[in-house]
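Student: The chain contents come next:
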Amino acid sequence: MKALPPTLRVNKRYVLCRIVPHGIDAYGKEVYYAVYDAVASLFGDNGAAEIGMSVVHTEGNWAIIRCTRGCEKQLQAAVSTVTAIGDMPCAIRPVLTSGTILTLKEKIRAAGSRAEGEGRENREDSADCAESNLLYAKKDIIIKGIPYRPVRVSREKIDLYKEGIKSQDSLYYTIKDIEELQCNQ
Amino acid sequence: MTVFNVYGVEIVRGAVIKAENFKDFQNQVKKYDSVPIVAVNAGDNAFNRSVLSSGRINILKGMDNAPKNAFDDVCAVNALEKSVAVDIDLAPIIRKRGIARQKALAAYADILKFHRKYGFMLTISSGARTYTQLRGVREISNLCSLFGMTDEETTAALNSVSALLNPQDAVTINPRNFGAPSESDCPCDESAACEESDDCCEYDEFNEYDEDIGNVEDIS
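Chains A and B are the protein sequences, given in the same order. Yeah, the first sequence ends on 185 if you go by our numbering, and it's all consecutive. Yeah, the second sequence ends on 1220 if you go by our numbering, and it's all consecutive.
Just so you know, these hints were derived from the structure itself, not from any lab. Glycine included, C-beta positions come from ideal geometry on N, C-alpha and C. The reader is advised that the hints may include incorrect statements.
Short derived list, chain B residues pointing at chain A, Cβ under 10 Å [said to hold, decoys possible]:
1) Ile1093
2) Arg1095
3) Arg1101
4) Arg1135
Here are the simulated lysine-lysine pairs, DSS-like style, with alpha carbons at most 30 Å apart [said to hold, decoys possible]:
5) B:Lys1082 - A:Lys73
6) B:Lys1103 - A:Lys73
7) B:Lys1113 - B:Lys1082
Pairwise CB distance ranges (calculated) [what the hints assert, rightly or not]:
8) A:Ala110 - B:Val1137: 49 to 59 Å
9) B:Gln1028 - A:Glu59: 48 to 58 Å
10) A:Gly70 - B:Asn1069: 30 to 40 Å
One chain only, chain B, in its complex shape (with noise of 0.2 Å):
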């Protein structure tokens, strides 16, 4: 089981990999197959490149931590191609002072800058290992408003868990329940006989439900 529900609280089992070189990431993240989440923390920009190609990673976290030009314009086309989110950790701007605290946001501030051109996904995690370190939806809109994050964004990347774990798939439309039948499809002849039998009216009563909710190009 990898999603736990303690009163109302869903709890996702997760797996976060640090790795040195992508070698050792390769090694690492056979492990967490059946994991639902999977993040890196980030390194220089060649790793997040390969990391974020390999299309087997959930999140990209400490980009704070990442050196300078970790994350660019190509990083960004990779995360969005593979549904790859990359996190904003609120723990070095809760906790660190001076200097720190800057290149956090400044760093933070970027990846911004690049979510808006690109649309890739973010996450925003509090980082916190006691309840105290805890953060409310509005003290979280009010810190990433440090950055510049609107709270429509802050919005959108707080529930994008959910759209990690149920990634958006092509719409597959299922012809025997949406398609009209075909006239091989109907068991009986065009007989007067068969205008009599229980099938056709069958059919008939599901042409008719075709017909309320729409064919299949409005659906698509």
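Excised from the complex, chain A in its bound form (with noise of 0.2 Å):
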């Protein structure tokens, strides 16, 4: 069979997203499973025949999803209904939106250099880290009277860390959660 001349052929969109938290190294499949499942119940068999996603690279805690022309805000608002890859409770948040799959890759590789240089810099300040992944932020914040010293641990999640002893306190804890962890006890 024949190729359709260029002129013919339907038009796409390069999606970029991020996968988080850091370090879920997922797997394509289970990526494109994930976000057609998403898809699929947003906006039926119907979209997602229209959207016509698919998820053409991953890398690291990135993924290019590619959609139809015309449908990446439908494509992004599925994306961001994605809980869990997997058995993975995560969250994937749509950055860019490109024509090219190379533009796409740049960025991914800007963001990792950004992000080697940007650890490089605090592994300098501080001494204490001892995974390379640990961001020791420079001042602490008070709560209660007692200073903790924030550690960033991979792009978003942060630990408080209590000065002097390394015991454990529960700062925001609502009474729902109390009453969830009692019942699970």
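Put the two chains together into one complex, using the hints given.
Tutor: Structure below.
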């Protein structure tokens, strides 16, 4: 069968997505199933067919998803409703839309080099940093009179460490959380 | 202290009241007089009307769980008069599937219709309990477009929390600063000695300043 000429081909757009939390190396197939489930449940089979999504590339915690031109916003909305990939609870955040895969791959490389540079800077500042992906803040924050050192693990998660003895405190538990914890015990 | 600032992120103290009926609400709301943001879970139509007209709450939330016709035009007018915002919780859209999500989308579309007609405030919340459930502005905008909200409306709704914290009041103008000084205010008489005194010179400067900034009518 003869291939369609370029003018008759369906135009596509590529959406770069970041998978959070950092460190989840999801396979393309798992990402595809998660996103397709979200698209199909939100827009139905007809909408999913119109969007025509497919995962074309995954690299670390990045994924490039293809869709029909004009359906980018629908795809991004559907991607925002993904709550888990496989059994792993996570979120997929759409970052950039482009007409070529190359642009998005460059963006991935740029983000990777920036993260490495940031990590190196912080490693130089903090001699205590044992793991490479821990970023220590320079300033403490004080909650109820007790100073805590914020430590950013990967990109989004932030832990608060108490100065001195490494004890653990529950800082922001709601009543509902406490009830849930009690039920689970 | 009710507003915390951690690395440029403002955390505002708030309370959510879940009441069975209006009497229960009245008993509970007394405890939260000092809390800047008080939200109430919506109930049936009569409950919502009573709560909105009480003027003691800031946000009416949980409209996706409320029965059908729980929010009508009377509620919308009450919300506008008492500056109460209606919350659009994105958690049911993100986490629920099937009929529950369809109901939530239908409920939010109804609220949006009333918002466009009556102009009461909307707030948008992600209902996040972990950081993976948090959503960014563009994601919220995309999710809100599912029930017909435009980008401008989404931005306005995201900014409405600051409007709740700093409610609009009528402009009060201090006549001492803006009004033209009357003759009785001048401590001096219209005498030759007075023209040379320092006090009157100050008043002359004061009048020039008034002309620069315009009169009271222009400002109001």
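Student: Compare the structure with each hint and give your call.
Tutor: Structure-based check of all given hints:
Hint status for isoleucine 1093 of chain B relative to chain A: holds, with the closest Cβ pair at about 7 Å, below 10 Å. Here the hint on arginine 1095 of chain B is kept, as its CB sits about 6 Å from the closest CB of chain A, short of 10 Å. Because the smallest distance between the Cβ of arginine 1101 of chain B and any Cβ of chain A comes to about 8 Å, under 10 Å, the interface hint for this residue holds. A hinted interface residue such as arginine 1135 of chain B counts as satisfied when its beta carbon comes closer than 10 Å to some beta carbon of chain A; here the least separation is about 6 Å, so the hint holds.
Among the hinted pairs, lysine 1082 of chain B with lysine 73 of chain A is inconsistent with the structure: their alpha-carbon atoms are about 36 Å apart, more than 30 Å. Straight-line distance between C-alpha atoms of lysine 1103 of chain B and lysine 73 of chain A comes to about 22 Å, which keeps the hinted pair within the 30 Å bound. Note on lysine 1113 of chain B and lysine 1082 of chain B: the hinted pairing holds, with a Cα-Cα distance of about 19 Å set against a maximum of 30 Å. Evaluation of the 49 to 59 Å hint for alanine 110 of chain A and valine 1137 of chain B yields a failure: the beta carbon distance comes to about 22 Å.
The given range of 48 to 58 Å is respected by glutamine 1028 of chain B and glutamate 59 of chain A, whose C-beta atoms sit roughly 51 Å from each other. One distance hint, 30 to 40 Å for the beta-carbon pair glycine 70 of chain A and asparagine 1069 of chain B, holds here, with the actual separation near 36 Å.
Violation of the numbered hints given earlier is confined to hints 5 and 8; the remaining hints are satisfied by the structure.
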